[in-house]
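Novice: Below, each chain spelled out in residue letters.
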Amino acid sequence: MRRIVVVCLALGLLPVMAAGGEPVDTRPELSLGRSAEYDYDPPVPGTYRLPVIELAGDGDVLTADGKRVHLRDVVAGQVSVLSFVYTRCADPRACPMATGALYEIQQISRKDATLAENLRLVTFSFDPEHDTPTVMKEYGEMLRPGGKGCEWMFLTTGSARELQPILEEYGQRVDRKRNANDPMGPFYHVVRVYLVDAQGRIRNIYSYGMLDPRMLLADVRTLILEAAAAGG
Amino acid sequence: MMTPRPVMFMTRTLAVLALLLLLAPAAPRADETCMSPYMPKITGQEEFIYVWTLGAENLGDGSDKVVTVDVRPGSKTYGKVINTASVGGRNEAHHGGLTDDRRHLWLGGLDTSKIFVFDIATDPSKPKLEKTIDTFVKDSGGVVGPHGHYALPGRMMVAALSNNKDHSGRTALVEYTNDGKYVATYWMPIDGETFGARVERVADGYGYDLRALPRKNIMLSSSFTGWSNYMMDVGKVVQDEEAMKRFGQTMVLWDLHTKKPLKVFDVPGVPLEIRFATGDNHNWAFTATNLTSKLWLIYEDDKGEWQADEVGDIGDPSKVPMPVAMSISADDKLLFVTTFSDGMVRAYDITDPHHPKQTYEKVIGHQVNMVSQSWDGKRVYFTSSVLSRWDKKDEGSEEYLRAYNWDGKELTPAFDIDFVAEKLGKPHLMRFGSASLYN
Numbered sequence: 031m032r033r034i035v036v037v038c039l040a041l042g043l044l045p046v047m048a049a050g051g052e053p054v055d056t057r058p059e060l061s062l063g064r065s066a067e068y069d070y071d072p073p074v075p076g077t078y079r080l081p082v083i084e085l086a087g088d089g090d091v092l093t094a095d096g097k098r099v100h101l102r103d104v105v106a107g108q109v110s111v112l113s114f115v116y117t118r119c120a121d122p123r124a125c126p127m128a129t130g131a132l133y134e135i136q137q138i139s140r141k142d143a144t145l146a147e148n149l150r151l152v153t154f155s156f157d158p159e160h161d162t163p164t165v166m167k168e169y170g171e172m173l174r175p176g177g178k179g180c181e182w183m184f185l186t187t188g189s190a191r192e193l194q195p196i197l198e199e200y201g202q203r204v205d206r207k208r209n210a211n212d213p214m215g216p217f218y219h220v221v222r223v224y225l226v227d228a229q230g231r232i233r234n235i236y237s238y239g240m241l242d243p244r245m246l247l248a249d250v251r252t253l254i255l256e257a258a259a260a261g262g
Numbered sequence: 320m321m322t323p324r325p326v327m328f329m330t331r332t333l334a335v336l337a338l339l340l341l342l343a344p345a346a347p348r349a350d351e352t353c354m355s356p357y358m359p360k361i362t363g364q365e366e367f368i369y370v371w372t373l374g375a376e377n378l379g380d381g382s383d384k385v386v387t388v389d390v391r392p393g394s395k396t397y398g399k400v401i402n403t404a405s406v407g408g409r410n411e412a413h414h415g416g417l418t419d420d421r422r423h424l425w426l427g428g429l430d431t432s433k434i435f436v437f438d439i440a441t442d443p444s445k446p447k448l449e450k451t452i453d454t455f456v457k458d459s460g461g462v463v464g465p466h467g468h469y470a471l472p473g474r475m476m477v478a479a480l481s482n483n484k485d486h487s488g489r490t491a492l493v494e495y496t497n498d499g500k501y502v503a504t505y506w507m508p509i510d511g512e513t514f515g516a517r518v519e520r521v522a523d524g525y526g527y528d529l530r531a532l533p534r535k536n537i538m539l540s541s542s543f544t545g546w547s548n549y550m551m552d553v554g555k556v557v558q559d560e561e562a563m564k565r566f567g568q569t570m571v572l573w574d575l576h577t578k579k580p581l582k583v584f585d586v587p588g589v590p591l592e593i594r595f596a597t598g599d600n601h602n603w604a605f606t607a608t609n610l611t612s613k614l615w616l617i618y619e620d621d622k623g624e625w626q627a628d629e630v631g632d633i634g635d636p637s638k639v640p641m642p643v644a645m646s647i648s649a650d651d652k653l654l655f656v657t658t659f660s661d662g663m664v665r666a667y668d669i670t671d672p673h674h675p676k677q678t679y680e681k682v683i684g685h686q687v688n689m690v691s692q693s694w695d696g697k698r699v700y701f702t703s704s705v706l707s708r709w710d711k712k713d714e715g716s717e718e719y720l721r722a723y724n725w726d727g728k729e730l731t732p733a734f735d736i737d738f739v740a741e742k743l744g745k746p747h748l749m750r751f752g753s754a755s756l757y758n
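Those protein sequences? They're chains A and B, same order as listed.
The opening residue of the first sequence carries number 31 in this note's numbering; numbering runs sequentially from there.
The opening residue of the second sequence carries number 320 in this note's numbering; numbering runs sequentially from there.
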């Protein structure tokens with residue numbers, strides 16, 4: 031119980047009384063406020079349940095340093111937000127939006143030690159032909175200068191052959207467009223971002239219209255609370 | 320009062336991304352039209368119409384089937400049936416829906432509670448049955464009658480009609496992954512077990528349609544009746560006083576993210592189809608009540624509270640026209656409503672959704688049912704069947720898909736397919752397909 035209280039305090043979830051006696055929710059992401067796209071207040075973490083959707087897929091992937099690792103080893107062990115993208119995508123409602131959401135989350139985690147310690151962001155490319163480890167390293171260095179906040183890993187694969195089973199396991203469909211020079215990028219795909227718990231299970235899937243950092247972080251904090259309650 | 324989210328992108332790359340976001344045109348959130356906002360849209364010419372067709376004795380193989388109609392202008396087979404895919408047997412084919420990646424079409428059987436999953440991406444002109452989910456009742460903990468199939472990211476939310484304990488309208492929403500793995504069941508709030516929802520008058524626990532407005536983080540569900548009624552001959556139902564008490568009279572507002580019911584609206588008279596507006600600031604949806612022939616508006620008021628108001632009649636309610644389906648144009652200005660009893664479609668100017676005005680009406684034909692329109696609003700399609708034991712029996716055996724062109728003032732016939740002459744069955748739900756979605 032004491033551990034849960036400590037985690038709640040760390041997550042900004044126990045009411046702090048302001049000078050006027052009103053309870054204040056101290057989650058830093060709430061300062062983002064409502065927007066035209068996300069015109070609602072996010073739920074309080076821990077007040078709702080995230081059902082287990084399925085086990086997160088696995089496969090051989092390459093880190094930005096060219097090291098070969100298993101994808102499930104990367105996403106399991108802590109709460110992870112996994113985003114499938116390709117760096118050539120110029121559709122503002124697709125990969126740039128997903129990467130923008132992860133960027134905001136990483137920025138917020140710099141002000142929140144619990145997120146910094148318990149959350150990992152993973153950007154995974156489905157374009158190994160272009161997105162080599164070197165490209166992913168440069169992409170990551172632009173997005174995450176310095177070492178503060180939660181970890182953010184940038185992954186790719188060594189080949190289309192290694193990539194395909196991973197896409198199939200996650201249900202992430204990618205088709206080549208007839209026009210390889212389409213200004214929005216050469217691939218047709220739906221936006222997919224996955225929330226994975228410490229046991230390596232997918233607990234939510236986000237797409238266009240759902241990439242609200244406040245909502246993603248409500249889910250992340252819910253899983254951190256859940257793990258604390260389970261003694262994890 | 321909303322304030323713009325502060326620009327947080329700091330690096331040069333992200334500044335470019337932010338610029339792209341600012342320059343991007345406002346994206347419509349509906350499909351063509353009124354579909355899940357999570358799926359890609361056919362904003363140009365639809366190429367195929369998939370019709371979930373109820374099998375009928377002495378018509379072809381008598382089985383439920385997906386009928387594919389070619390609607391490519393200039394095609395040699397334009398307006399013709401180019402493929403049929405039978406599921407082998409009758410299941411009370413009724414509704415279904417597309418997955419968020421639009422690669423699969425899920426189609427439910429209200430009697431057998433089977434869900435048939437068709438691949439429509441490999442060859443959009445030839446849907447192929449890929450999987451049959453025949454464990455729906457067991458998976459869900461006793462839910463019966465998969466009806467509305469609504470795409471969420473990577474998942475399908477199935478709004479059902481009944482349950483296996485008493486076969487009443489007490490039912491639930493059931494969540495699956497896109498590849499057919501069961502995820503969760505969310506029972507409808509009912510008096511005595513409201514799951515924290517605020518109840519205006521009564522919580523009947525019934526279900527029918529399900530739609531979402533992600534921008535406001537809400538879902539809406541409507542209510543029909545249970546297996547014991549929808550599988551009973553309609554003549555017996557109307558003469559059975561107790562059976563007539565078992566019809567939906569509520570709509571439920573849900574938190575889309577947490578799947579918790581928030582409010583149970585009092586909407587008497589069987590609210591069926593739900594259609595959300597598309598516009599960025601249009602926080603409203605329409606429904607029509609089947610037994611009382613009323614238009615209802617569900618909307619967010621000035622205080623941020625969601626309300627349900629009756630806003631008009633559909634035809635002459637004393638003649639019981641029985642509205643069955645609706646479609647809102649992509650610009651949120653026009654609403655088509657079909658009525659089963661008189662075989663008509665009516666168009667309403669909904670520029671002011673609180674005061675819809677009928678501007679047009681036309682007889683489409685015997686027991687008209689579903690209506691679907693193209694994204695540009697220029698093509699409108701109608702089908703003719705409702706349920707095997709509720710279809711009229713005294714007016715011949717007319718069953719059809721009728722296509723019309725709409726110029727803003729008049730519906731003019733484009734083509735007409737006779738599902739009896741072609742020995743296909745009784746057509747109900749329509750969904751659009753196009754090869755352009757995949758390449």
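These are computed hints drawn from the structure, not numbers from a lab.
All of these numbers come straight from a predicted model, not from anything done at the bench.
Backbone N, C-alpha and C define an ideal beta-carbon position, used for all residues, glycine too.
One thing to keep in mind: the hints can contain errors.
Derived, one-sided and incomplete: chain A residues facing chain B with beta-carbon distance under 8 Å [to be verified]:
no.	residue
1	Glu67
2	Asp69
3	Ile235
Novice: For every hint, state whether the structure bears it out.
Specialist: Now for the hints, and whether the structure bears them out:
no., hint, in the structure
1, Glu67, "6 Å, holds"
2, Asp69, "6 Å, holds"
3, Ile235, "4 Å, holds"
In summary, the structure agrees with every hint in the numbered list given earlier.
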